[in-house]
Amino acid sequence: MDVDGPIISGRDLRVQYGDREILHGVSFDVQPKETIVILGGSGSGKSTLLRTMVGLEKPTSGAVWVGGTNLAQASAAELDEVRKKIGLSFQGGALIGSMTVGENVALPLRELTNLEASTIEVVVRIKLEQVGLIQFQDFMPSQLSGGMKKRAALARAMAMDPEILFFDEPSAGLDPIVAAGIDSLILNLKQALAVTIVVVTHELASAFLIADRIIVLDGGHIVAMATTDELRRSTHPRIQQFLNRVPDSEVSDDVDHLRLYTERI
Amino acid sequence: MPRLSVVEPLSVIGGAVERGLAYLGGVAQLLGRAFAHAFTSSLKRSLSYQRACHQAMVIGVGAVPVISFITFFIGVIMALQGAYELKRFGALHLIADTVAISITRELGPLVTAIVVIGRSGSAFAAEIGTMKVTEELDALETMALHPIGFLVTPKLLAMLVMMPCLTIWADLMGVLGGSVFGVTGADYTFGTYLSATRDALYMRDIITGLVKSIVFGLVITGVGCQEGFATGAGSEEVGRSTTSAVVTSIFLVVLVDLVFTAIFYVTGGA
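Sequence order for the protein chains is E and S. According to our numbering, the residues represented by the first sequence are 1 to 265, in order. According to our numbering, the residues represented by the second sequence are 1 to 270, in order.
These are calculated hints, taken from the structure and not from any lab test. None of these values were measured; they are calculated from a predicted model. Any given hint could be a false lead.
[To be verified] Heads up, simulated DSBU-like pairs for lysine-lysine below, C-alpha to C-alpha not over 30 Å straight-line: (1) 58(E) - 87(S); (2) 85(E) - 33(E); (3) 33(E) - 58(E); (4) 58(E) - 85(E); (5) 84(E) - 33(E); (6) 84(E) - 87(S); (7) 85(E) - 87(S); (8) 84(E) - 190(E); (9) 190(E) - 58(E).
[What the hints assert, rightly or not] Beyond 12 Å from chain S on every Cβ pair, some chain E residues (computed): (10) 104; (11) 108; (12) 202.
From the three backbone atoms N, C-alpha and C, an ideal C-beta is built for every residue, glycine too.
Could you build the full structure based on these sequences and the hints that come with them?
And the structure:
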């Protein structure tokens, strides 16, 4: 992924599920080694944007370039190459339930690299150490708490030393203390690893804490793309409403209303 | 409007046929991809074999006790039912032939398939369906580990090996079951019963059963995994997929059985 300029860029990106268009032509750039937070409410299309950036959804039109490959037109082999250089930490962890935490972290290393078993063991221990789960290597995912699952998922996402780390709602469903722990973990990684980090969240405090820049999505459009300071000074009504946690006075559009309840997680 | 009354049922039938064919097409496509992954996967071959061996243990070795009991009992039942009719013709000595042929040609493969559907077909759908609901399939995909190569291929390879093995075992147990009646209810000793069985069977009786069992294995793997991948959001969807995997598999296995038996009958009276 040795590319000059942005490591991820979207150009007039449109994604649709069936007849419903979720992203209405978004364009953005992510620079190497910066931490971008994609902020938005339910139904804003932020999860869809994340899924598109890792190749789980195909755009209906437009382009999404990740490390120099346009995922909209990539072959299966090209997609695999991109995926070996990214790591995604899923909202619910998505650890393989039939494998221990250690085996989960070792999985991509065992399948996709030619490393010796002993080397893999060392790498697994390093990754688990980084997320503070070293003593849980032999636990099954079902024995872990929500926060620990997210940490284990992060260790797995880091296993292949990716150049881009994606986080899907890292603090959703956690109590404030555990959520703060995850935030500080992301901050530590940001300093220690010098990787590009893309975080999708609806948590304001967490977004302002970890982001270099924030992309605000609303109804499938980007309403702001700015540094945290610029965003605080923004006068855009929708952003002010989001920052000040003002509820919608009424649901003006039935389609919007429906979308709130039908968007995929 | 008399025309509508003709068109409407036809369109309903046409729609159902189209959906059925599309479903079969989907299953065939899934199996094709799983086969392709067996040869061209980017996954480590040694680990794929390990997974296939693990599946073979679960699908095959784990099913041996229950299949043994069921086919042994069915052997006894077939002997009793056969004797009821044969006795009237004074042909009780044909009981070994009756049991041997009905078990090897039909009941061995069919009962094996139904037990495997209940144990493994349902488990495939539940496992893959749960993984879909918990985003584990997406996780595999984003790690460049293809879910079909990772999950379906080992199951398919294990099934293709284990179904014929289980069927041979089922045949044997069925014959043993028949011998219980042969020894106690007809004038056989255990030795004469077995040699009568051997004389009654042609190689093609066993081969046709094994051919069927391989096709049953394809159907069970294809339908079980397909239903798993088709699972929607939410845990109750997993239950629906599992039910559907069992019902659809049983239906298709019987249908395939019919087709193959007809083909074997037409081609050379086998």
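Results of checking the hints against the structure:
1. 58(E) - 87(S): violated (69 Å)
2. 85(E) - 33(E): holds (14 Å)
3. 33(E) - 58(E): holds (25 Å)
4. 58(E) - 85(E): The hint holds at about 19 Å.
5. 84(E) - 33(E): holds (17 Å)
6. 84(E) - 87(S): Given pair residue 84(E), residue 87(S) is violated - Cα atoms ~71 Å apart, limit 30 Å.
7. 85(E) - 87(S): Distance of about 75 Å is beyond 30 Å: violated.
8. 84(E) - 190(E): holds (20 Å)
9. 190(E) - 58(E): Since the Cα atoms of residue 190(E) and residue 58(E) sit roughly 29 Å apart, the hinted pair holds (cutoff 30 Å).
10. 104: violated (9 Å)
11. 108: Contrary to the label, residue 108(E) does not stay out of reach of chain S, its closest Cβ about 5 Å off (not over 12 Å).
12. 202: Answer for residue 202(E): holds, closest chain S Cβ roughly 18 Å.
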